[in-house]
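**Student:** Sequence:
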Amino acid sequence: MWFDNLFERQTRRAAQRTGRRSMLATLGKAMVGTVALPVLPFDRSAHAAAAHGARPGKAVDETSCDYWKYCAVDGFLCSCCGGSSTTCPPGTEPSRVSWVGTCRNPADGKDYMVSYNDCCGKTTCGRCECNTNERERPGYKLGVHNDVNWCMSNSSTMFHCTTSIILGVQE
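If you count by this note's numbering, then the sequence shown holds residues 12 to 182, one letter each, in order.
If you're looking for bench data, these hints aren't it; they were derived computationally from the structure.
Mixed in with the good hints there might be a few duds.
Unchecked claim - Label-pair ranges, simulated between beta-carbon atoms:
1) TRP79 - GLY30: 51 to 61 Å
2) ASP77 - ARG107: 25 to 35 Å
3) ASN142 - MET34: 52 to 62 Å
4) TRP79 - MET163: 43 to 53 Å
5) ARG32 - THR98: 34 to 44 Å
6) LEU38 - CYS76: 45 to 55 Å
7) THR74 - ARG115: 15 to 25 Å
8) VAL108 - ALA70: 16 to 26 Å
9) MET169 - MET42: 42 to 52 Å
Backbone N, C-alpha and C define an ideal beta-carbon position, used for all residues, glycine too.
Make a model of the complete structure from these sequences and hints.
**Tutor:** Given below as structure tokens:
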């Protein structure tokens, strides 16, 4: 009974000090804040930098389709075309849109989110073609489907090669 009386007193006191509109406004702010929180940017570069390493004693070959972060790549590797696995060759520009994949690094056993960006502006490179398509999804889910000309949003729609940039690690 004392609990009910305490709760009733506190509720009446709150009702006398605040109006319904301010309570609804506060509740609305809290709801919008919790929905927007996952959208806020955050820095995972420290984890991504550690992900580039390989097993001790084994060199990383960025020109091989067997390199772990190429698990969902579909295209010619920029590391064979005058660029690197993370940078476009001179005379090309990264696509404004890309697809993502989740690849497991055997060195640490963790899963990493990798962004695959096409480099646009020159004719096709033609070297080191990889088409691994691990965990590829159907074409109606464009963000995880790689059989699209991702240069479509750039001024030049010519595809040259593909980079793979680590975005983050699964904790």
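**Student:** Can the suggested window of 43 to 53 Å be confirmed for the beta-carbon pair TRP79 and MET163?
**Tutor:** With Cβ atoms ~28 Å apart, the hint is violated.
**Student:** Within 34 to 44 Å: is that where the Cβ-Cβ distance between ARG32 and THR98 falls?
**Tutor:** violated (54 Å)
**Student:** The hint says 45 to 55 Å between LEU38 and CYS76; measuring C-beta to C-beta, is that right?
**Tutor:** holds (53 Å)
**Student:** With 52 to 62 Å as the target window, see if ASN142 and MET34 comply at their CB atoms.
**Tutor:** holds (57 Å)
**Student:** Can the suggested window of 42 to 52 Å be confirmed for the beta-carbon pair MET169 and MET42?
**Tutor:** holds (46 Å)
**Student:** Using the Cβ atoms, figure out if ASP77 sits within 25 to 35 Å of ARG107.
**Tutor:** Holds - the Cβ-Cβ distance for ASP77 and ARG107, about 29 Å, lies within 25 to 35 Å.
**Student:** Just to be sure I understand the hint, the distance between the Cβ atoms of VAL108 and ALA70 should be within 16 to 26 Å; is that true here?
**Tutor:** The hint (16 to 26 Å, Cβ to Cβ) is violated, given that VAL108 and ALA70 are roughly 33 Å apart.
**Student:** Within 15 to 25 Å: is that where the Cβ-Cβ distance between THR74 and ARG115 falls?
**Tutor:** holds (20 Å)
**Student:** Go ahead and decide if the range 51 to 61 Å is satisfied by the Cβ distance of TRP79 to GLY30.
**Tutor:** At 59 Å between Cβs, range holds.
Of the hints listed earlier, those the structure fails to meet are numbers 4, 5, 8, in rising order.
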